[in-house]
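Undergrad: Top to bottom, those sequences are chains A and B. With the numbering used here as the guide, the letters of the first sequence map in order to residues 1 to 800. With the numbering used here as the guide, the letters of the second sequence map in order to residues 1 to 158.
Since the hints were derived computationally from the structure, they do not count as laboratory data. A few of these clues could be false.
[Said to hold, decoys possible] Simulated crosslink set (DMTMM-like; lysine to aspartate or glutamate; CA at most 25 Å straight-line):
#: 1; chain 1: A; residue 1: 8; chain 2: B; residue 2: 17
#: 2; chain 1: B; residue 1: 2; chain 2: A; residue 2: 207
#: 3; chain 1: A; residue 1: 11; chain 2: B; residue 2: 94
#: 4; chain 1: A; residue 1: 114; chain 2: B; residue 2: 17
#: 5; chain 1: A; residue 1: 438; chain 2: A; residue 2: 428
#: 6; chain 1: A; residue 1: 339; chain 2: A; residue 2: 415
#: 7; chain 1: A; residue 1: 235; chain 2: A; residue 2: 279
#: 8; chain 1: A; residue 1: 683; chain 2: B; residue 2: 17
[Unchecked claim] Sample of chain B residues with no beta-carbon within 12 Å of chain A, all distances over it, derived:
#: 9; residue: 37
#: 10; residue: 38
#: 11; residue: 39
#: 12; residue: 54
#: 13; residue: 66
#: 14; residue: 72
#: 15; residue: 117
#: 16; residue: 118
#: 17; residue: 138
#: 18; residue: 156
[Said to hold, decoys possible] Residues on chain A that point at chain B, a partial pick, calculated with CB under 8 Å:
#: 19; residue: 15
#: 20; residue: 244
#: 21; residue: 724
#: 22; residue: 728
#: 23; residue: 796
Where is the CB? At the ideal position from N, CA and C, for every residue including glycine.
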Amino acid sequence: MTNNYVGKRIKRTEDPRLIRGLAHYVDDISLPNTLHVAFVRSIYAHAKINSIDTSAALAAPGVVAVYTGKDVADKIGPVPCAGALPDLKVPDHRVLAKDKVYFVGHPVVAIVAKDRYAARDAVDLVMVDYEDLPVVTDVEAAAAGGPVIHDGFSDNIAYRLTSGEGDIDAAFAAAERTVKQRVLHKRLAPIAMEPRGVLARYFPGEEELTIWSSTQIPHLMRTQVALMIGIPENKLRVITPEVGGGFGSKLNVYSEEALLGWISMQLGKPVKWIETRRENIQATIHGRGQVGDIEVAFKNDGTVLGLRYSVFADMGAYHQLLTPAIPTLTGLMLSGAYKIPAIQMNITACFTNKMATDAYRGAGRPEATYVVERVFDLVAAELGMDPAEVRRKNFPAPSEFPFHTATGLDYDSGDYETALNKAQQIIDYAALREEQKKARAEGRLIGIGVSTYVEICALGPSQAMPAGGWESATVRIEPTGKVTVLTGASPHGQGQETSFAQIAADELGVNINDVTVIHGDTGVVQYGIGTFGSRATAVGGTAVYVAIQKLKEKAHKIATHMLQADATRVSFEGGKYSLQAAAAAAATGTSEPVVPVAEAPAAALPEPQTEGKTSLTIQDIALAAHIAKELPPDTEPGLSATYFFEPKNFTFPFGTHICVVEVDRDTGDIKFLRYVAVDDCGKVINPLLVDGQVHGGIVQSIGQAMYEEVVYDEQGQLITGTLMDYAVPRASHIPNFELDRTETPSPVNPLGVKGVGEAGTIGATPAIVGAIVDALAPFGVKHLDMPVKPEDVWRIISRG
Amino acid sequence: MKKAINLNVNGVSHTDEVEPRMLLVHYLRDVLELTGTHVGCETSLCGACTVMLDGQAVKSCTVFAIQADGASVTTIEGLAKNGELHPVQEGFWEKHGLQCGYCTPGMIVSAAQLLDRNADPSREEICHGLEGNLCRCTGYQHIIEAVQYAAAKKAGQP
């Protein structure tokens, strides 16, 4: 093993194609005679479909076919939900609405035309006769009764679940104080910059279907779509070319993916659908959507005894792949970075006439972290303690790991106080509090927010996952010595082509430019799970690492044979198998060829020259393994290894974020003064990429804390349907980030890595909201609901 | 009814007959097969489709191809010269100014124009100059550093 790449700020190998505009996303792939699909989508949140007249659309120029829900109901199976909870209600979710529509954006009719303009024109020619039905948009109202959305269900409650350990009643009985707070986690739109898109091409002769889709899970998608449209799984190939962001929104199987595949099979031509941004906000999953009530029991010294969180979780109209599972992740992480002896989570998950919620960056864990961190701020405010000190008081010590929580988890490793200390030191916390005091005396409103988060990553052990939590890798060295890595963890911006190549190059002692990482093609890559839940490096990277160890075992055996040595006397260093000193001296003394070659090889491949050699490169071994003339007995030709890595536990990255804001008294405008983040994601493969993940995550937190909110009105109309109304942070909205790290390796995998993809989105939101609340503390403010807007702040200040 | 248009795109002259309603971005992508320019929102809010039209950065998703008749267009594919990356492209690579890469072509074109107008922009001026371009992955910090790198590079600093 060499150490040329791992741990270094290596520039990404994927970038040259991306910065020159030469990469290929789904819409960049053109096939001859491609037909284009556009959808008629429901303009009502809840309505009965009395009739659909498609005749004018069918007669329109360029239109090839039109499909309604009735046309496909018995042809295409339901959109899958992988949630497995007791007594879970699962509505029958068809790819096109049949008798009723359940949310604005619900696909009703698919139009197929010769170009995208013709398809879009024909959408306006379809006449759908809708009959209004009562609309349910408020999640608490949905739980309380009233109109039932889905026929066949007695109410709108998808499931109820209580979880947690410890004696919660005893905790509250023993409490010296308690605090209650309602918290809202608004619906958010993931807004991957590349909307979803599907291209499907059926080959009638071969009876094979290829689907290009902008997805995070090509293999899982293949399995599910094959089942939905009834094609054998091994006749369906899914390719994810460049994927322009996902954030969980493409960790799903969508109606359009199955429908496009099926249409291509009907028409025998390629068909393409590229989501518009309006469709993206209407009909790609949303995140969050919880209304919760916190109750915390604590002592006068700040020791927290118990936490109860009762939540109404907004599922939307249907379950997408993981919809019902998301609130359960909130329940798992309610202990945060603290020793809380008793925790209880009560979930009431309800159907509403809105798009489904599902995994959006953090997926249930930002909700938990926000709740827990708000709790510690509330406790601090109640006791007049410093929020950092209340947190410090409740940390488990590093010696207490693996640390068992009252939510049933065992945290792998952690040193929360060191991260907090480091962040406080960087920002000079004591001086900052003094400065704040002085500023307040002058009438300036400065606030400091602290978040000492922990998150759950590397999802995950298969026992805890609906469809396998492992990841796969194949590593092979080609006859010319080039290294090919096939990973099941198909990325969408994370940079696995670089980070996995770093692992491979170091482990094999080769140049990183000789390593190619291939992903996102089920026709080429062995079955895999995908990139989500901050799992790619911890699970997928480990699979690469272990596959290489397997490959090297074989290479070692071949090297030993070729060097005519005892296995124990051959060592691997810097990409070479070498005889150790004593053995080398003996070897140079002999002039006998290692392996006599009787005949010239038929192919024009060069012969490995081993005669008199004391060392062989791994490339020499690869060539010899493929030529297969001088392999040890009972050795398979070729040099490749596959490994499916099953993690024994999750990993638990953590850190401290400190945010400083100043609020403008006259306008309510919120300005960042400082932002310090000390994150611990275990061992770091590429610090450059880790910084990028942290920055991006924090900015999505800024979005949630200050700007973003999917709004439906009481009729279920989507008010924030374009980027004009849904406010995504821009460059001028961000502070200058000051990042640092601590490094506590994970014992769960041999790389010691934990994961970092969601850290910023999980850790930052409470620090930002905490800072704004702190700035407004002189006005008696203890809590604010996200997104905190200048208008809200201005109203508080104006009230005095 | 189709109209004939003539454009110079990345230094190459093109004459084509297009529908009057065809968007410039679709002309570039579907007719000229220059797919580096992306569509992210169709409402000129995200900036993924930004190209240079007669030296001005514009959102090509809200310009008709016929409006560009007679004009000179530079797309992301036209920024590198003789195999040499544009300083902004180089900055994005050096400073990890991209993750998924979807916003990147528009972001780079906007940044290139920003530096054409202001060779030594402050952080605030960079942020202001990129207001019309959304990125959901990077959190912008590395993009700002990429533009600073390019400014230094253009000024001949190492």
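Undergrad: When you check the alpha-carbon spacing of residue 11 of chain A and residue 94 of chain B, does it fall within 25 Å?
TA: holds, 6 Å
Undergrad: Hey, does the residue 15 of chain A contact hint survive, CB to chain B under 8 Å?
TA: holds, 5 Å
Undergrad: Per the CB criterion, is residue 796 of chain A less than 8 Å away from chain B?
TA: At about 28 Å, which exceeds the 8 Å cut-off, the nearest Cβ of chain B leaves the hint on residue 796 of chain A violated.
Undergrad: Could you let me know if the closest chain A CB is still more than 12 Å away from the CB of residue 38 of chain B?
TA: violated, 7 Å
Undergrad: Straight-line Cα separation of residue 339 of chain A and residue 415 of chain A no greater than 25 Å?
TA: holds, 13 Å
Undergrad: Going straight from one Cα to the other, do residue 683 of chain A and residue 17 of chain B come out at no more than 25 Å?
TA: Violated, at roughly 57 Å.
Undergrad: Beyond 12 Å from every Cβ of chain A: is that where the Cβ of residue 156 of chain B lies?
TA: holds, 22 Å
Undergrad: Does the claim that residue 54 of chain B lies off the interface hold, with its Cβ farther than 12 Å from every Cβ of chain A?
TA: The assertion about residue 54 of chain B holds, with a minimum of 20 Å to chain A.
Undergrad: Are all C-beta atoms of chain A more than 12 Å from that of residue 72 of chain B?
TA: holds, 17 Å
Undergrad: Please work out if residue 2 of chain B and residue 207 of chain A have their alpha carbons no farther apart than 25 Å.
TA: violated, 39 Å
Undergrad: Can we keep the residue 724 of chain A interface hint, with Cβ of chain B closer than 8 Å?
TA: Holds - the Cβ of residue 724 of chain A comes within 8 Å of chain B, reaching about 6 Å at its closest.
Undergrad: Compute the least Cβ-Cβ separation between residue 66 of chain B and chain A, then decide whether it is above 12 Å.
TA: holds, 15 Å
Comparing the model with each numbered hint stated earlier shows that hints 1, 2, 7, 8, 9, 10, 11, 17 and 23 do not hold.
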